[in-house]
Every structure is written in structure tokens, then in C-alpha cells.
Amino acid sequence: MTHTMYTVSPQTLSVEIKDALRYLSIKSPDEGTLALAIECIEEAKEIAVPKAVYVKSRVKIEGRRVIFDFMEMESENLVKFLDGYSEAYIFVATIGIRADMLVNRYLKSQPSKGVLFNASCVAVIESFCDRLNLFLTDGRYRERRYSPGYGDLSIEYQKELLKYLDAERKIGVTLTEGSLMVPTKTVSAIIGIPE
Amino acid sequence: MNIIEKLKSGFLFFDGGMGTLLQEKGLLPGQSPEEWNITHPDVITSIHRAYFEAGANVVTTNTFGANPLKISNTEEAVFKAVENARRAIFKEEQYVALDIGPTGKLLKPLGDLDFEDAINAFSETVKAGDRAGCDLIIIETMNDPYELKAAVVAAKENSTLPIFATFVLDENGKTMTGCDIPSMVAMLEGLGVSALGVNCSLGADKLKLFVPEIVACASIPVIVNPNAGIPCIHDGKTCFDSTPDDFCSHMLDVAEMGARVLGGCCGTTPEHIRKVVHGIGNLQPKPVVEKNITVASSYSKACIFDSKCVLIGERINPTGKSKFKTALRENNMDYIISEAIGQEEHGAHMLDVNVGLPEIDEVDFLTRAVKEIQAVSTLPLQIDTSDPVALESAMRVYNGKPLVNSVNGKEESINSVFPLVKKYGGAVIALTLDEKGIPDSAEGRYQIAKRIVERAEEYGINRRDIIVDPLCLTVSSDKNAPKVTLDAIRLIKERLGVKASLGISNVSFGLPNRDYITSTFFALALREGLDAVIMNPYSQEMQKIYYAYNALMGIDEGCGEYIAYASDKRSETLDSETDITLERAIIKGLKKDAKEITKKLIIDTPPLEIVNNYIIPALDTVGESYEKGLSFLPQLLMSAETANIAFDIIKEAIPKDENASKGDIIIATVKGDIHDIGKNIVKVILQNYGYSVHDLGKDVSPEAIVEYAKKTGIKLIGLSALMTTTVPSMEETIKQLKNYDSNIRVMVGGAVLTTEYAEMIHADKYAKDAMETVRYANDFYNS
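Top to bottom, those sequences are chains A and B.
Numbering-wise (this note's numbering), the first sequence opens with residue 184 and increments by one.
Numbering-wise (this note's numbering), the second sequence opens with residue 9 and increments by one.
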């Protein structure tokens with residue numbers, strides 16, 4: 184089993200303004216918000232350092248449990264999600280800590296920009312995950328992935344998952360005491376591999 | 009020969025990867041490699057032995073993750089690891105390096121690990137390694153300069169072994185936290201490590217691109233330990249990493265560029281090291297050259313004292329500023345942060361931080377101010393205090409190489425400041441005064457400067473880290489004073505070869521339109537070679553001199569900076585609408601208009617009338633529109649920011665005793681949760697509506713919140729939690745608050761909460777957004 188690193192040039196990520204605005208439930212932005220959103224997305228792409236690490240694993244389902252090559256997870260939602268798949272990819276992807284640093288700064292200096300910049304960073308990491316998703320499924324799935332913390336899949340699995348993926352050393356992702364990932368613009372997820 | 013002598017005599021070869029080799033021998037991914045020091049000692053020794061046989065001079069112990077935050081038996085693992093490495097030695101000049109990797113946690117404020125806790129964790133590893141008998145300590149694979157600093161401080165406090173330190177760069181030549189090479193080198197040299205460099209993350213082909221810059225900055229030996237053989241897919245293309253032969257050829261380039269310590273990291277094997285050792289053969293390394301660079305650094309930027317004068321913002325200082333003093337007394341950190349950001353936006357290169365006021369606890373406040381400012385500003389800081397305890401505390405938590413303001417010619421000052429500079433690193437402003445006062449002559453000031461420089465060198469501090477301030481006295485009380493200062497700058501620079509700085513504003517004290525005098529004096533001092541100035545970045549006169557001087561003296565290439573500055577000034581006309589009211593300016597978020605209109609209104613309108621007739625109605629209109637979904641969060645905040653500008657002007661006009669707040673509210677993100685965006689938004693809006701918000705931050709324990717409520721007697725508390733996993737922590741906080749005082753009211757918010765959920769955990773109110781919080785606060789304080 185090999186860990187593979189996956190990176191992209193951030194400027195090649197497609198991030199639409201509506202993606203960023205969606206996280207703030209903005210449907211029809213005024214002119215000022217729109218201009219600020221454009222500025223934020225550009226800046227978010229500039230400071231993003233997209234990096235991911237992934238592994239491939241066999242999938243075995245026993246009752247409520249999903250058994251990977253390296254760990255087990257108990258979750259009915261995940262069982263359902265992986266039903267019919269014999270293999271899966273497990274990845275951790277991040278755009279790095281500088282996003283968090285700048286969000287903090289803008290929230291202090293200009294909160295209106297802070298919230299838009301935060302939403303832009305979320306849009307960038309999601310776009311990066313979509314790219315990875317498409318890559319791993321040969322273009323079949325863009326958004327189909329499942330993460331610890333969704334449904335009944337406990338967030339406590341992060342610890343073992345990150346350790347196995349060597350995410351700290353490989354891409355600089357750490358966990359807090361409460362199992363939250365830092366950098367916060369980080370996603371860990373499981374993707375079923377289509378036959 | 010000890011390791012330092014060996015380093016002076018020629019190349020030093022480190023070993024390569026450990027993890028991949030252990031996996032070949034059966035270690036499963038996710039398993040702790042440190043455990044194998046105890047369970048498989050022979051395997052570990054055989055790997056070390058293979059590296060020594062390949063020609064490595066130094067093997068690193070299998071202790072990358074051996075710290076108490078990752079494993080439970082640090083001491084045992086380290087002892088066994090050192091024993092396993094020592095057993096591999098078979099001849100002279102083979103050394104064992106205690107390997108120290110990151111804690112696996114990010115430090116506050118980004119993560120949840122406290123700086124002192126990081127030092128404590130590293131200290132345990134260092135103590136064990138030191139006792140077990142290592143020849144040196146290698147701190148490696150550091151992504152964050154702050155964590156690296158914690159490790160170096162721990163090593164210095166618990167061992168006298170030489171310290172080598174390597175950090176990780178990404179393809180842009182920066183660390184994960186955005187730290188560039190000059191800043192990293194400045195901090196590490198300041199801390200006094202014996203060698204520094206890079207490891208991990210990139211292969212030799214990519215990592216070598218950054219070696220010339222590291223060598224150009226460093227005055228000590230440079231280490232390069234790249235990866236090999238890690239598969240990577242970049243922009244859809246698979247990159248194949250180097251074979252041992254490729255690796256070797258890149259490493260020969262690295263040696264040619266001036267690196268002296270060569271080895272490998274992840275994926276490299278004894279074969280890689282053997283090739284490198286053979287490839288180098290009898291070559292001699294490039295000599296290590298002392299660089300005469302004066303530099304201070306932040307976590308990301310280095311400020312080099314070079315051809316252009318360094319502008320050091322003076323505004324974070326209570327002297328003569330009643331608003332600032334009030335902010336200090338009220339523990340108002342936001343005010344200080346806004347001064348920091350404001351000065352940065354006005355072109356300051358560094359920030360002076362002085363929070364000395366007799367009635368506040370300067371040690372605590374200065375330390376917190378440094379932490380808060382470095383969390384939001386990229387500028388290097390100048391720590392300004394006369395209290396050595398406050399100085400040490402602030403230097404310790406500072407994320408970079410600070411500038412210290414100041415030392416002077418008094419023995420007491422020298423003996424309290426220089427040991428701290430030696431320990432934590434730093435450049436120092438040296439004032440030319442001593443027990444006898446300030447000499448009247450330039451020669452006298454030079455003599456004091458000379459003595460300070462000599463005493464610094466006795467402490468092992470290089471003179472390039474001394475920046476002499478020959479002091480400028482007030483021209484209105486002594487007509488010759490400015491001339492003496494100018495002469496002293498020239499003398500000191502010529503004869504001592506050190507940099508010069510001035511706290512310049514004093515020259516014009518007591519005169520009208522002080523800027524005219526100060527800025528002209530600035531121009532004269534620049535001509536004498538002034539390297540840095542402590543000044544007011546908001547002063548247009550000073551900025552004009554700075555940009556014009558650089559253009560005129562040919563140090564602003566193509567007058568680029570001057571043009572950018574001067575054109576920007578011209579375009580600073582308002583983006584205003586005509587005939588606009590304050591109410592409309594706030595609704596539309598037009599900050600410049602709001603400022604101008606408020607300034608006019610305040611002349612003949614009572615302050616409270618402006619608040620009640622214009623600002624509050626405007627905020628209500630925006631709030632209502634937000635709640636109806638007609639406008640959105642950024643607009644709500646934009647209006648809040650605009651209203652704040654108006655409030656700032658109004659506050660100055662209100663007599664102190666009338667400036668009463670509508671009420672006090674504590675807010676915090678609960679223990680275990682580090683998401684604080686929602687909480688920060690609520691704070692901004694509450695402040696807008698006239699509440700004094702006591703923001704305790706994020707990841708705050710129930711005990712700390714109860715303690716604060718006890719101390720202040722505040723009865724309204726807002727808690728935020730974003731994750732289902734942190735709601736129990738919220739519940740516990742509410743329980744403790746209610747146990748302490750059943751009259752306390754708790755409002756809660758956050759992504760996962762609902763009215764039902766809030767009831768379940770006994771909160772008094774679930775507020776779905778900032779406006780609802782305001783309404784609940786209004787009800788609470790009006791009933």
C-alpha cells in the first residue's frame with residue numbers, strides 16, 4: 184500500500200463566485216459584496232497551497248462495520264455509502280494554514296471581508312477536493328465523498344485516519360484535542376472506486 | 009574530534025530515512041516507530057549501522073515522534089533509541105544525533121497547543137536524550153517557525169549539546185506558515201544554533217533551488233536533507249522521484265552551492281548516502297562566510313537594515329495618548345490590534361510595542377500584546393520596555409527575531425538586556441546615555457556607543473545586532489541639539505561600523521506643526537546615513553521625505569515606490585455620493601463619507617442625538633433587511649464597520665462620565681472548539697449597539713468562563729460551539745455557570761445548535777444570528 188501525494192497549482196482551480204457566496208447563503212449580492220467576493224477569491228487562490236495524500240484500500244462490509252485494510256469504522260451511513268464498492272480511496276486534502284492566518288487577520292481588521300474571505304477559502308478547498316475526486320474516479324464523481332463527522336460517522340475516527348495517512352508529516356495536517364483538523368480548511372474523506 | 013570540530017574540518021554526512029526502512033522490516037503504517045526501539049532494538053541498530061557503513065558521520069535516533077504529546081513512554085523510548093544508535097558505532101568520528109520532530113499539534117493561536125506546553129514537551133525529550141548520551145541535537149521537519157523556536161528554547165534550557173535545526177519548505181520556498189528563508193535564518197541564528205537548513209517535503213532536485221538563498225543569508229553551516237522516492241501527482245502528472253544516482257548528482261550541486269552538511273530524509277536509503285559520500289570524495293566544502301546583515305524578523309517577514317531606512321511605527325505607546333491609556337486600563341486589546349494593522353497599512357516596516365503604564369501589569373500585558381499582534385500582523389516587532397521581566401516574557405513568546413528597545417550604557421542595563429538577547433536572539437537599540445546622563449558632544453555619545461558594542465561582543469553578541477540611537481533632544485530647548493545628533497550618527501557609523509536609528513519625534517516637542525520640524529530633521533539624518541527611524545506612519549510629511557529621499561538618492565529603482573506612493577495620494581479622493589446622509593452612508597457602508605459627515609455633524613449636534621437619530625436607525629434598517637434575507641452578512645458587517653468609524657469620532661466628543669455602555673456581556677467559544685468566526689461577528693454587532701463585550705477567545709474552559717464571571721460580576725454570557733462534539737463542553741459550561749449563580753443568563757449559538765438542542769443543555773436562549781443576540785441583550789438589560 185502506497186501513500187500518494189497529490190498537488191495542483193492553485194490558480195488552475197475553478198472557483199466560482201457563487202460557490203463562495205453560497206456558504207453565506209447569498210443569492211443576489213449587491214455590487215459591493217460582489218466586488219469584495221471577487222477580490223477574496225483571487226486572494227484565497229494566491230495564498231492556497233493545495234496538498235493531499237491518499238491511499239487505496241479494499242472495502243469489506245460486515246453488518247454496521249466497514250473494514251478497510253488499515254482500520255475499521257462503524258457507521259450505518261458509511262455502510263450505505265460504500266454499498267456495492269469493493270475498493271475505496273481515503274484522502275486528506277488541505278489548502279494550508281495561511282488561509283486560517285489571513286481569515287483571522289481580516290476578521291479583526293475588516294470583518295465584512297473576513298467572512299467573505301473565509302467563505303472563499305472554503306470554496307477553494309472544496310474545489311480542490313472536487314478535482315481530486317474526479318481524478319481518483321476517472322471523471323465519474325465530482326462531489327461524491329463521505330467524511331468523518333457526517334451522519335453517524337464519528338469524528339473521532341479522524342485520529343486514526345490521519346495517523347495512518349501520515350498527514351502531519353506529509354501535508355502538515357494536525358488535530359486538536361477535540362479532533363478538529365488544523366489547518367481548518369482541510370477535508371478528510373472516503374470515495375468508493377467505481378468498477 | 010567533537011562534532012563542532014568535525015563540522016569545521018569539512019563535510020558532514022547525515023543518514024537518510026528511517027520510516028520506509030522500518031516498513032520494509034514489517035512496521036505497519038500508523039504504528040509508532042518509536043515502539044520499535046524497545047521491541048526491535050536489533051533492527052534499529054542494523055539500520056543505523058548500515059548508514060555508518062555507507063559513510064554517514066551522524067545517525068539520527070529513531071525518536072522523531074518521541075515526545076509526550078505523541079507517546080506515553082518518552083523517556084524509555086529515547087533511552088533505548090540512543091542505546092540502539094550508539095551500539096552501531098564502529099569507529100572514530102561517528103556521532104549520534106538526538107532526533108526531535110514536531111509535536112504533531114499546531115501552536116496557538118492557530119491550533120490548541122500553548123507555546124509553553126510545547127517547550128515542556130520538547131524538554132522531556134531533550135532531557136532524556138541529553139542524559140542518554142548524544143553528541144548533538146537535530147530538530148527537524150519543522151513546518152512552523154514558532155514550534156521550531158519552542159524546540160530550540162527547550163534544547164537550550166535543558167542541554168549544552170550543539171543544536172542543528174532544519175525546516176520544511178514548499179515549492180514556493182516558504183514554510184507552511186508562510187515564513188521565508190531570511191526570516192527563518194534570522195530567528196535560528198539569533199537563537200544560536202550551530203547549523204541550520206532544510207529537510208523533507210521536496211526531492212533534492214527541487215530543494216536545491218533554495219540552497220543559494222539559504223547560504224546567502226546564513227553565517228553558519230547549512231544542512232540539506234531532501235526526500236527521495238515519494239510518489240507525487242502534480243496537476244495530474246505523476247512525478248517520479250530520483251534514483252540514488254540522480255539524488256547524488258543533485259547533492260553534488262548542493263555541495264557546490266555551499267552546503268556543508270548533507271544527508272537524506274523520507275525515502276532515502278543507505279545506498280543514497282553511499283553515493284553522495286563517494287561522489288563528494290575528497291572535495292572540500294565552501295568556506296562558511298560571515299554575513300554582515302542586520303535583521304529583525306516576524307513569523308513570515310525579515311526586515312533587513314540595508315540601503316533604505318526602516319520605518320518603525322511608534323503608535324503603540326501610551327505616552328501622551330489618553331485614548332491609548334484608557335485602552336490599556338480597560339484591557340482593550342482590539343484597540344492595540346487596530347493600531348498595529350493601521351500602521352502596517354500606512355507603510356510601517358516594523359512596529360514598536362510599548363504598553364508600560366504604572367497601574368497595569370506590564371509583564372502580562374506586553375506578553376499578550378505581542379501574541380495578539382503577531383497573530384494578525386506580518387511585521388517584525390520592536391519590544392519596548394524598561395522592565396527586564398516583561399522583556400524576557402515578551403521575547404520568549406515572540407515568533408521570530410525581535411528588535412529590543414532598548415539597552416543603554418549603564419552597567420545595570422547591559423547586564424539585564426544582553427543575557428536575554430543571547431538566549432532568545434534579537435537585535436538591540438542602544439541608547440547613548442549612561443550613569444552620567446547624555447553627553448553634550450557627538451564624541452561623548454560615540455564613546456558610550458563604543459563601550460556598549462564592546463560589552464555586547466563580550467556577551468557573544470555580534471555588533472551587527474547593535475543599532476545605536478544617539479538620541480535627539482528637543483530643538484526648542486537647545487538650538488545645537490539636532491546638530492550634535494547628526495554628527496553623532498556619522499561618527500558612530502564610520503568608526504564602529506554599526507547601524508544607527510533615531511526616535512525622531514522628540515526633536516520637535518513643544519513646537520507648533522511639529523511634523524515640519526520632525527520631517528526636515530529626518531531628511532538631514534537620512535543624509536548622515538540613518539538606518540532606522542521610530543516615527544508616526546500616519547504622518548504625511550514623514551512619508552513624503554522617505555519616498556522622495558529614496559527616489560533622489562537612487563535607491564528606489566525607477567522611482568517605482570515613489571510613483572506608487574504619490575499616485576495613491578492623488579487618487580485618495582472620496583468615492584462618495586453627493587448629498588448623502590450619515591444614515592445612508594452607514595447603510596451603504598461608505599466609510600469615508602461616514603467619517604466626513606460625522607466630523608461635520610459633531611460640531612453642532614449633541615453626540616447622543618447623532619447616535620439615536622442617525623446611527624441606531626441605520627443599524628436597525630440594515631439589521632432588519634438582514635433578518636428578512638434582503639441583505640447579507642458582509643453588508644451587515646460593512647455597515648457595522650462604518651458605524652464604528654462614526655462612533656470613534658463621537659466618543660472623543662463625549663465627556664468620560666457620560667460614555668456609559670449599555671451593558672457588559674461575556675462571549676467565548678467553548679472548550680475544544682477553535683472556530684470563532686461566528687463569535688467574532690456577534691461581538692462586532694453587539695459593540696455596535698453599545699455593549700461592552702468581554703471576549704474571552706476560543707477553546708475556553710468552563711472554569712475560565714466562571715472565573716471571569718465571578719471576577720466581573722457580569723450576568724449575561726454568550727457561548728458559541730460549531731461542532732456536535734463540542735456541545736457537551738457547552739453544556740458543562742452552562743452547568744458550572746448556573747451552579748455559581750442561577751441568575752446568570754446564557755445565550756448560545758453555532759452551526760449545530762437549534763432551539764431544542766439549546767433547551768436540552770439548559771441554555772436560556774438560542775440566538776440564530778447576531779441580530780437575535782442583540783435583541784436578547786436589549787431585553788436582558790431593559791427589563
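Certain hints may be false.
Said to hold, decoys possible - Reference listing, derived: stretches of chain A covered by chain B, where coverage requires no fewer than 3 residues with Cβ under 8 Å from a Cβ of chain B:
#	stretch
1	187-196
2	205-219
3	274-281
4	298-305
5	350-363
Unchecked claim - Simulated pairs of lysine to aspartate or glutamate, EDC-like, Cα-Cα distance not exceeding 20 Å:
#	chain 1	residue 1	chain 2	residue 2
6	B	Lys245	A	Glu214
7	B	Lys596	A	Glu214
8	B	Lys78	A	Glu360
9	B	Lys245	A	Glu257
10	B	Lys596	B	Asp576
11	B	Lys596	A	Glu222
12	B	Lys16	B	Glu264
13	B	Lys607	B	Glu569
14	B	Lys182	A	Asp321
15	B	Lys599	A	Glu222
16	A	Lys342	B	Glu43
17	B	Lys78	A	Glu339
18	B	Lys182	A	Glu222
As the list claims (entries may be wrong) - Sample of chain B residues lacking proximity to chain A, with all beta carbon distances greater than 10 Å (derived):
#	residue
19	Glu13
20	Ala96
21	Glu100
22	Lys113
23	Thr149
24	Asn151
25	Ser330
26	Asp587
27	Lys596
28	Glu767
Please keep in mind that the hints were generated in silico from the structure rather than gathered at the bench.
Yeah, the Cβ is synthetic: ideal placement off N, Cα and C, and Gly gets one too.
Establish whether the coverage given for the stretch 350-363 of chain A by chain B is satisfied; the threshold is a Cβ-Cβ distance below 8 Å, and no fewer than three residues must meet it. holds (count 10)
Taking the minimum C-beta separation from B/Asn151 to chain A, is that value above 10 Å? 5 Å, violated
Verify this label for me: B/Lys113 is non-interface relative to chain A, using a Cβ-Cβ cutoff of 10 Å. 5 Å, violated
Okay, the stretch 298-305 of chain A and chain B, do three or more residues pass the C-beta test at under 8 Å? Our answer is that it holds, as 3 residues pass the Cβ test (under 8 Å) against chain B, meeting three.
For the pair we were handed, B/Lys596 and A/Glu222, check the Cα-Cα distance against 20 Å. Roughly 19 Å between the alpha carbons, so the hint for B/Lys596 and A/Glu222 holds.
Would you check whether the claim that B/Ala96 is not at the interface survives, using Cβ distances to chain A and the 10 Å cut-off? 24 Å, holds
When you check the alpha-carbon spacing of A/Lys342 and B/Glu43, does it fall within 20 Å? 18 Å, holds
For the stretch 205-219 of chain A, do at least 3 residues have a Cβ located nearer than 8 Å to some Cβ of chain B? That given contact holds, which follows from 8 residues of the stretch 205-219 of chain A lying within Cβ reach (below 8 Å) of chain B.
Consistency of the no-contact label for B/Glu100, given chain A and a CB cut of 10 Å: 34 Å, holds
Mind checking the alpha carbons of B/Lys596 and A/Glu214 for me, to see if they're no more than 20 Å apart? 10 Å, holds
Cut-off 8 Å, C-beta pairs, minimum 3 residues; does the coverage of the stretch 274-281 of chain A by chain B stand? holds (count 3)
Given pair status - A/Asp321, B/Lys182, alpha carbons within 20 Å: 33 Å, violated
Violation of the numbered hints given earlier is confined to hints 6, 9, 10, 13, 14, 18, 22, 23, 24 and 27; the remaining hints are satisfied by the structure.
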